[in-house]
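*Asks:* Make a model of the complete structure from these sequences and hints.
So the chains spell out like this:
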Amino acid sequence: MLRLMTPTQPEVSAVPTPPPASNPLFPFVLQLADTSLILAHRLSEWCGHGPVLEQDLALANIALDLLGEARSYYQYAAELEGQGRTEDDLAYLRSAVEYRNPLLVEQPNGDFAHTIVRQFLFDVFHYELLIELKAGPDTQLAAIAEKSLKEAAYHRKWSAEWMIRLGDGTPESRQRIEKALRTLWRYAAELTSPTPLELDLHTLGLVPDYAELQARAAAYITHVFAEATLPVPTEAFRQPGGKLGRHSEHLGYLLAELQYMQRTYPGLTW
Amino acid sequence: METPTLAPTPEEQFQARIDADVRIEPKDWMPDAYRKTLIRQISQHAHSELVGMLPEGNWITRAPSLRRKSILLAKVQDEAGHGLYLYSAAETLGTTRDQMLADLHSGKAKYSSIFNYPTLSWADMGCVGWLVDGAAILNQVPLCRTSYGPYARAMVRVCKEESFHQRQGFEVMQTLCEGSAVQKEMAQESLNRWWWPTLMMFGPADDASPNTEQSMKWRIKRFTNDELRQKFVDMMVPQAEFLGLTVPDEKLKWNEARQAYDFGEVNWDEFWSVVKGNGMCNHERLQARVQAHEEGAWVREAALAHAEKRQAREAVAVAA
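Just so you know, the sequences run in chain order Z and X. Here the first sequence stands for residues 1 to 270, where the numbers follow our numbering. Here the second sequence stands for residues 271 to 590, where the numbers follow our numbering.
These are computed hints drawn from the structure, not numbers from a lab. You can trust all of the hints, since none of them are fake.
Examples of chain Z residues toward chain X, derived with CB under 8 Å:
| id | residue |
| --- | --- |
| 1 | A63 |
| 2 | A91 |
| 3 | D168 |
| 4 | E257 |
| 5 | L258 |
| 6 | W270 |
All figures in this text were calculated on a predicted structure; none of them were measured in a lab. Each residue gets a CB set at the ideal place from its N, CA and C atoms; glycine is no exception.
*Replies:* The structure is reproduced here in structure tokens:
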């Protein structure tokens, strides 16, 4: 396989942004890939440390689904870019400022309540987005979305059930879930706030109407919060940035770990 | 005077069933010692799966490619699944998962000592799969025919997945050995560290193994520790040669007469030292398990509390 990287060449990260690809879908597919990979990575950090064996299995399962989805997107992005980069080049040889995942998914695991809130907010959005992508005009993206939608429906069910259990469980679980909501709610809006790229792609019919997604996601969140006896946060402050490459400090450490082998031993096959 | 023919005792009847290779099932009568031995062995095995998630889990976030990451995560997840089947099998003998975990956390119950060694390089993901899972398979394949039904059935599933893991481990090693000099060196360094601890996985030498004789008689065990260790060496040496790696044992030599490899003496001092808790990671591994359990307590309590609330609400709804 032709690789752009050889040990003697400078790393791709030395270049601020990848050269503009002819296909406008490339950066969007890459954003989807980054999002699923970063969340999968976070969830995989739980492996062996879950609160009970059955949930250790569930967390690993969701991580595996998202990792599989990320790989499909990266492979497709590499194809769209058409410059010989592979899924691993895209995942392992881009720096934090080149990553395009929303801030929510890079937030640390915290306690189980933080992990559940992060997952639930993502799952609600992810599920609605996949429904639209599945019906979209790009057949490759539609095929990935169709496969992932089945998994995302299960993820959403799992995290919603845990929102309800923890919200309507013990005083401690409720206090923890409320604290997690106070920390993470500010990152939820970014998921459905379109970037200039997403707006452009929307006019081309390639990306759905995020206002509509937002309305559906909000309705589902309201329904689950009612079951969980939790008030929907009214916090107006929103923290965007990740989809534009402006990340929290957490991402750098995550990537340092994720990319350790490829950075230390460039250009090898594993 | 004629000796009257005595009716067989329950113990004799039990042994007769064992000798006839009839599976023992949870509701059957069994000697207390048989039950205790099995609880000890199955829970130890379940704990090994649970603790065994940690050394490999250590490399999930650093796996060198997305494909390897996915394979490794799936593998560690399989181990959690094996833990579940095995805890369930042990529960059929009248213990509970809570009790077994309490024994693990207090240090009363053991788990396989191999997991008290650290995983220091990516090649360790190869060696753990190739050697450690290879040794586990040799230990476990005979357990698919062990006398206690639920254990035997759990082991059939476990073994299927383990052999898959072993192939994956070998493939990691093969990729390294076919790679750059740095990669091959990484593979050799890892083999140097894992070879002897893996030989220790079969347990003490037969003359120092107090439980072997009774376990063989009850057909819980079907081969002795030394028999399995020899089998392992005979199986692995050609594989190491195929990979172009050197097994770190100067006494290793093919014995034409025995049609088997002669090999050096395992360092039993190290073995007993790690069993007693003085391995590199004993403290850390147990601590990680205890911490996960303690930090998960509020989650388990919340799930229980919610289930009770829901049940109470449903009862009210039905009554209305």
